[in-house]
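**Q** Sequence:
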Amino acid sequence: MASVAENNRLALSGPVVMQTLKSFHAAGVSQLAVGDLVVDMAGVTDADSSAVSLLMELRRAAQKHQRTLTVTNLPDSV
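If you read the sequence shown in our numbering, its first letter stands for residue 1, the second for the next number, and so on.
Think of the hints as simulated: they come from the structure by calculation, not from any bench. Note that the structure is a prediction, hence the values are computed from the model and not measured. A couple of the hints might just be wrong.
Here are the computed lysine to any residue pairs in the SDA-like style, where the Cα-Cα straight-line distance is at most 25 Å [to be verified]:
no., residue 1, residue 2
1, Lys22, Asp36
2, Lys64, Leu74
3, Lys22, Thr70
4, Lys64, Gly14
5, Lys64, Ser50
6, Lys22, Leu74
7, Lys64, Ala27
8, Lys22, Met41
9, Lys22, Pro75
10, Lys64, Ala11
11, Lys22, Gln66
12, Lys64, Ser30
13, Lys22, His65
14, Lys64, Val78
15, Lys64, Arg9
16, Lys22, Val38
17, Lys22, Thr68
18, Lys22, Arg59
19, Lys64, Val52
20, Lys22, Ala47
Here are the computed distance ranges between Cβ atoms for each label pair [said to hold, decoys possible]:
no., residue 1, residue 2, range
21, Gln66, Asp46, 30 to 38 Å
22, Ala33, Asp76, 29 to 37 Å
23, Lys22, Lys64, 12 to 20 Å
24, Thr45, Gln66, 27 to 35 Å
25, Ser23, Arg60, 13 to 21 Å
26, Gly35, Met56, 16 to 24 Å
Where a beta carbon is used, it is the ideal one built from N, C-alpha and C, also for glycine.
Make a model of the complete structure from these sequences and hints.
**A** See the structure below:
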C-alpha cells in the first residue's frame, strides 16, 4: 500500500480495501484542506467497496472545502 501526494495529485498504489482505507483517506483530506485534488488510481492492484467509500468521503470533503476532486484511471472494479 502506498499513497504519494505531490502537488495536488494523490497517486494510489496497491490494494484499496478496508485495511488501507484510513491512510488513503487521511492523505486525501489533508490535500483538500489546502487545494484541489486529483486522485490517480493507476497503481491500484485490488479494489473493493472500500474504494467507492473512499471516493465518496473525498467528494464530501471536497464539497466542504469548496474544492475540485478529479479521479483518473478508475479501475473497472470500482
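**Q** Are the hints correct? Go through all of them and say.
**A** Consistency of the hints with the structure:
1. Distance check on the hinted pair: Lys22 and Asp36 sit about 20 Å apart at the alpha-carbon level, within 25 Å; holds.
2. For a cut-off of 25 Å, the pair hint linking Lys64 to Leu74 stands: about 23 Å separates their Cα positions.
3. A threshold of 25 Å between alpha carbons decides the hint, and for Lys22 with Thr70 the separation of about 19 Å falls inside it, so the pair holds.
4. Pair hint Lys64 plus Gly14 does not hold up; C-alpha atoms about 28 Å apart against a cutoff of 25 Å.
5. For the hint pairing Lys64 with Ser50, the CA-to-CA distance comes to about 21 Å; that is within 25 Å, so the pair holds.
6. For the suggested pair Lys22 and Leu74, the alpha carbons sit about 19 Å apart, so the restraint of at most 25 Å is met.
7. For a cut-off of 25 Å, the pair hint linking Lys64 to Ala27 stands: about 16 Å separates their Cα positions.
8. Of the supplied pair hints, the one linking Lys22 and Met41 holds, its CA atoms being roughly 16 Å apart against a limit of 25 Å.
9. Annotation: proposed proximity of Lys22 to Pro75 holds, straight-line Cα distance about 19 Å (limit 25 Å).
10. Between Lys64 and Ala11 the alpha-carbon distance is near 22 Å, which keeps this suggested pair within the 25 Å criterion.
11. For the given pair, Lys22 sits about 22 Å from Gln66 by alpha-carbon distance, which is consistent with the 25 Å threshold.
12. For the suggested pair Lys64 and Ser30, the alpha carbons sit about 13 Å apart, so the restraint of at most 25 Å is met.
13. As the CA atoms of Lys22 and His65 are separated by approximately 20 Å, the hinted pair is consistent with the 25 Å bound.
14. The hinted pair formed by Lys64 and Val78 meets the criterion: a straight-line CA distance of about 24 Å does not exceed 25 Å.
15. Straight-line distance between C-alpha atoms of Lys64 and Arg9 comes to about 19 Å, which keeps the hinted pair within the 25 Å bound.
16. Our distance criterion of 25 Å between C-alpha atoms is met by Lys22 and Val38, whose separation comes to about 18 Å.
17. With a C-alpha separation of about 21 Å, the suggested pairing of Lys22 with Thr68 holds against the 25 Å cut-off.
18. With a C-alpha separation of about 15 Å, the suggested pairing of Lys22 with Arg59 holds against the 25 Å cut-off.
19. Straight-line distance between C-alpha atoms of Lys64 and Val52 comes to about 18 Å, which keeps the hinted pair within the 25 Å bound.
20. This hinted pair checks out: Lys22 and Ala47 have alpha carbons roughly 14 Å apart, not beyond 25 Å.
21. Taking the beta carbon of each, Gln66 and Asp46 are about 33 Å apart, inside 30 to 38 Å as hinted.
22. A C-beta distance of roughly 31 Å is found between Ala33 and Asp76, which places it inside the suggested range of 29 to 37 Å.
23. Distance hint check: the CB atoms of Lys22 and Lys64 are about 19 Å apart, consistent with the given range 12 to 20 Å.
24. A C-beta distance of roughly 33 Å is found between Thr45 and Gln66, which places it inside the suggested range of 27 to 35 Å.
25. Under the hint 13 to 21 Å, the C-beta atoms of Ser23 and Arg60, about 18 Å apart, fit the expected range.
26. Separation of Gly35 from Met56 is about 20 Å and conforms to the stated range, judged on CB atoms against 16 to 24 Å.
Hint check: a violation occurs at hint 4 only; the rest are consistent with the structure.
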